[in-house]
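Enquirer: Listed below, chain by chain, are the residues.
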Amino acid sequence: MNTKGELSLDVVIGLSIFMIAFIFVAQYIPSIFVVENEELSLYPLAYRTSAILAEDSGFWNNGSANGTDWENHLNVDLRIGLSGGGANVLSVEKIAAFNDFYNNYGYESVRRALGLETPTRQYDYNISLQLFASNSGQVNYARNQSGPLLLVGNPVPDIGKVARYERIVAYDNLTAIASISSNIGTPSTTVNTFNVTPPIGAFIIVVEDRNTNQTASEPWMNVKVNGNLVINVSGNATITTFDITDYVNGYSETVYVWIQSHNIQGYVVVTDGGEYVGGRLGAKLVVILW
Amino acid sequence: MWEGDLVPSSSLSCGNSRSKDRGQAFTLEGVIAGVLILVVAYFLFQSTLIVSPLSGDIVDVQIRQYGLDALNILSNPQSDANDTLENSIAKLNSSVYPTELLNSLDTILPDNLEYNLEIAYFNITTNQTGIYPITNKSNPPDTVTATKIIVLRNGQLVSDSPFKVPVNYTDIESVSNSEFPVVLEVRLILWRI
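Line by line, the protein sequences give chains A and B. Residues in the first sequence are numbered from 1 upward in steps of one, following my numbering. Residues in the second sequence are numbered from 1 upward in steps of one, following my numbering.
Since the hints were made in silico from the structure, they are not lab data. Remember, predicted model here, so these are calculated numbers, not experimental data. Don't be surprised by glycine CBs; every beta carbon is placed ideally from N, CA and C. You can take every hint at face value.
Okay, the calculated bits of chain A under chain B, using three or more residues with CB under 8 Å as the criterion:
id, region
1, 14-24
2, 160-174
3, 278-284
Label-pair distances were calculated between CB atoms; the ranges are:
id, chain 1, residue 1, chain 2, residue 2, range
4, A, Asn222, B, Asp111, 29 to 37 Å
5, A, Asn228, B, Lys91, 26 to 34 Å
6, A, Arg121, B, Val61, 17 to 25 Å
7, B, Ala41, A, Gly14, 17 to 25 Å
8, A, Lys161, B, Ile37, 30 to 38 Å
Based on the sequences and whatever the hints tell you, model everything.
Expert: Here is the structure:
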């Protein structure tokens, strides 16, 4: 009997070899001893983030007062939301405020305001507004004159688990995101010309009503794209919205649009911020998390 | 050196010293082995091995979201654009094909999705619900459906619309025939290609 009270050498060596092998396996095969599958939490989080942006108007609270116009209270606790009321309709003001908030207050502040910061983990994000045909292979941001309408966050990494969720949205204001917004109303007859470089998101002519001409009150309008007559309307058929985007995008070089109108109130909107569907300008909100 | 010193023996051994190596449990080794087994078993059972069956469902959620969003965007009762749901369905009859609506749907939905569009309605003469198909592509067995309910007035529908409430149904619930609400369910059936 070993009465010396010491571990025999083979026990110690065997034990230490076993522990080294065990720790090696536990470290380098993460699927065996996983505590939380990280990818599983990314998709619901991307869904949640897209829902609070697209469906909620946001909220600010400074302890004594609160409200949903967080775009006017960027320096207090807030939750960002872009909804302008109405299903899937975004407020252009809130989109601009989101960009400003990101540029002035930084990446971490936006992360906190979107609920992407937890005590155990911080998520990285990239949120943008893109045109319908845009995809991760060929990204096509919704733009106005100064750049993308909404582009916040870090560039999307090429490797690793990334979750992406898209929502289809519309803007509440046609002219606020336009690169050209021009009044073509006139009580007499005028010609307005525009030079646009395709491809563009939308070229819309909105005729809201007749103008004040009492003597020749019948409104009419002719539109030529690169010399080809595409619209020739008169009377009540003039009071509507015309979408000539497809005519313009059929060319590959600068297009000359000639609009001759009589006794109308209306305007022209040319924009790369969205496409004209269902009577509104629409785009998609893309939320990417990793 | 006495021979007995080289033979390891356990404190649990019983009997005389002749059978010191009889295969009893060597205490320290036994305790260590037991603790090791318990520790490994604890690690295995405490880690939540999530084999995600939801990864397939997540794609369906996004597809259904596309469908719901597309129907919400195209439903615009205040607009007189030709491609809104209300205007296109009001003009539907057996000869008119809603091309602007379908073109807008093609623009909105991503390229890897195909769809069928149909309208469920209540036929007041036969007292049954019917389905009016607008497109008729053959669909694979696993599809995702998004629906939206729209309400039109009977007067907005063209005269040979399949949803029109006939003229002889007047003053139902004290509403005139042209104001009678016609409830339609627009179904957008989507699948990946």
